[in-house]
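Following the hints, put chain E in place on chain X, whose structure we already have.
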Amino acid sequence: MRTGGTATIDRHGLDLLIAALAEAGFDTKGPVVREGAIMPGAIRTSADLPVGVRDAQGPGHYRLEHSGDDRLFDWAVGPGSWNAEFFPPSQELWRSTSTGDITSHARPGPGSTRPLAIVGARPCELAALAVLDRVLLDGAVTDPDYAARRADAFVMVAECGTPAATCFCTSMGTGPAATGGFDLALTELDGGGQRYVVRVGSDRGAAFLEGVPHAGAVPTDLTARDRRLASAAAAIVRTVNSDRVAGLLADSIDHPHWDEIAERCLACGNCTMVCPTCFCSDVSDTTDLTGEVRRDRTWSSCFDLDHSYLHGGSVRVSVSSRYRQWLTHKLSTWWDQFDTSGCVGCGRCVAWCPVGIDLTEEVAVITADDGRAGPASGPLPATESESVSESGSAGGTP
Amino acid sequence: MLAETAAAVRGRPPLGPEPLEPVPHRVVGCRKETDDVTTLSLESLSGATPTFAPGQFNMLTAYGVGEAAISVSSSRREAGALRHTVRDVGPVSAALCRARLGDVVGVRGPFGKSWGVGEADLATGDVVVVAGGIGLAPLRGAIDELVHRPDADGGRVFVLTGARDPSQLIFGDDLEAWGRAGAVVAVTVDTAPRGWTGHVGLVTSLLGGIDCDPGTTTALICGPEIMMRFTAKALVDRGIDPRRIKLSMERNMQCGLGWCGHCQLGPYLLCRDGPVLPYGGDVARLMTERER
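So the protein sequences, as listed, match chains X and E.
Counted from 1, the first sequence has number 303 at position 304 by numbering that gives the first Met the number 0; the numbering is strictly sequential.
Counted from 1, the second sequence has number 182 at position 183 by numbering that gives the first Met the number 0; the numbering is strictly sequential.
Honestly, the hints are just simulated from the structure, not real lab data.
Errors might be hidden in some of the hints.
Stated by the list, open to error - If you want the ones that stay clear, here's a sample from chain E, every Cβ over 10 angstroms from chain X, calculated:
#1 A47
#2 G153
#3 D172
#4 R193
Claimed, not checked - Taking beta-carbon pairs under 8 angstroms as the criterion, some of the chain X residues facing chain E (in silico):
#5 V217
#6 T219
#7 V282
#8 T286
#9 L288
#10 D335
Where is the CB? At the ideal position from N, CA and C, for every residue including glycine.
The shape of chain X in the complex, shown without the other chains (with noise of 0.2 angstroms):
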């Protein structure tokens, strides 16, 4: 089989794919139901997936829910995503004597870490990998621990047949099919057939899917497919006009808008914790009594009044501009820094907000009118007069 070709499994050939990935020396993983929320966890046959499980989505809302059926993949996405496992919410990155001898390194070492199996990731979930890796791998230089995680993953997609009311993927061109990125492209038939068209999307997606039993996909299994994935597009309710909304955007900086977004917003990050492609990261030192110094990177958000320190105060004090800062960073600046959107449409900034703020809602009023309301507050002062001592502080580049 090539790539591009196509088979169908049931849910034995499933769990023998699983198996066949563990026993090909791949830790494998998958969406699991923990904690009331679909989260990434270690899984070693498909009953370990969400079985009959259901998310309702909206914002400010999330809860699971039985189906009564045993389908795997009728939810859209969780608060996790698969960016943690190659860019860690916290990780050492050396150990060093007090003397900067370094004793101790990042980045796994060949055959240290088993690489990994992902079953059931999302489209958008891929797309937002590729994101991460425009930052961490495509620019002058690579992040070698985030690479070599990167690697040789095996990447199985379960494309969306069943959208939340947050999604809007389709907006995004992320979803609910998949494009590519993947070694192999799961659908979940209608029915209770438990039945999966299988798309090929590598070599090594191919040999695996040869070594279990499988079908070749007959003409109505692809047009079920394509029904479905239809079916789940038309769903989709949330939209952002993604052709526009990047200059839309940097043109509204002044919209009296981010006020207004900033009294109800609480800066508390969710949204950028939940986010598949924010990448803000502090780095910093500790030591201990024998002189051992180790530094860690850990996520951070652009909502810490500490993430735009410099010395004697933040750059970006009001929620406002803190808010502001992480919507046109998404949707407007990323393009400029990384030839990309930073929003892949999978809508949990707006479930995982706890009061609800809704992306696609607030860029339409900013966007509204072209961005061409009236500034918030006025301008910088433009006369001197109106300045501080100008040569007093630190000054200089970093």
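Same frame as chain X, now just chain E:
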């Protein structure tokens, strides 16, 4: 595409030094510039000194305390140790300022865009350098090369520097040396004690006293953001092309590699796209937008 990405990663050339691991350097010189500013001269324990261009910065590690972005203040005309001029404004910079001869400091870098000294647009023509406080540090290596330009074709160098008060002025010896080498050097302070016979006023007030040719002038500015904004505006008002006015912008930096996200200024990651940016274009606008 994941499969291609993985292959591409595996196929990449060796990465060289680990990008997040500092290279130990020994402190071979400490010079107290003011009550809270110290210049450290650093030599790699391995003997290899990285090349840099004036305006670039390194991430310096005070082992056990942390890492901070500090501009290189050496000149490429000086042999030997790498200089950094540090102002004590937080735990890391305080620890760096406390470093003694023989101590070990970590260095990663250099990072970022330089002033472009040595490139065509600064080879000839007038250059106006304006510094506020320790903003002179990243300009030091640039000025030193500019005043020794081999074929400047009549282009002059003006160095205008200001500080809060005379005790905060740095690089006095250098200012004299640049003057001897032909630069027009002017110094001002915001407030002066009894006995100060020099200029008093904001650094922008020195601009009126120089006769640079706006048609050929390139300006290099480093200092507090508000000082840079008013200086750039004053230079534009004198007819200097905003694209030929370069500023060294500053934001929080924690990696130098474009990965930590802290140094964003609108579309820019300052560690990667800056710190030196032209005033013309986005920057003039970004500087007038609140809390960017």
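Evaluation of the provided hints:
1. A47: holds (15 angstroms)
2. G153: It holds; G153(E) is separated from chain X by about 30 angstroms at its closest Cβ, greater than 10 angstroms.
3. D172: Given a closest Cβ separation of 19 angstroms, the condition holds.
4. R193: Answer for R193(E): holds, closest chain X Cβ roughly 20 angstroms.
5. V217: violated (27 angstroms)
6. T219: violated (29 angstroms)
7. V282: holds (4 angstroms)
8. T286: Given a least distance of 4 angstroms, the restraint on T286(X) holds.
9. L288: violated (11 angstroms)
10. D335: holds (3 angstroms)
Consistency note: the structure conflicts with the earlier hints numbered 5, 6, 9.
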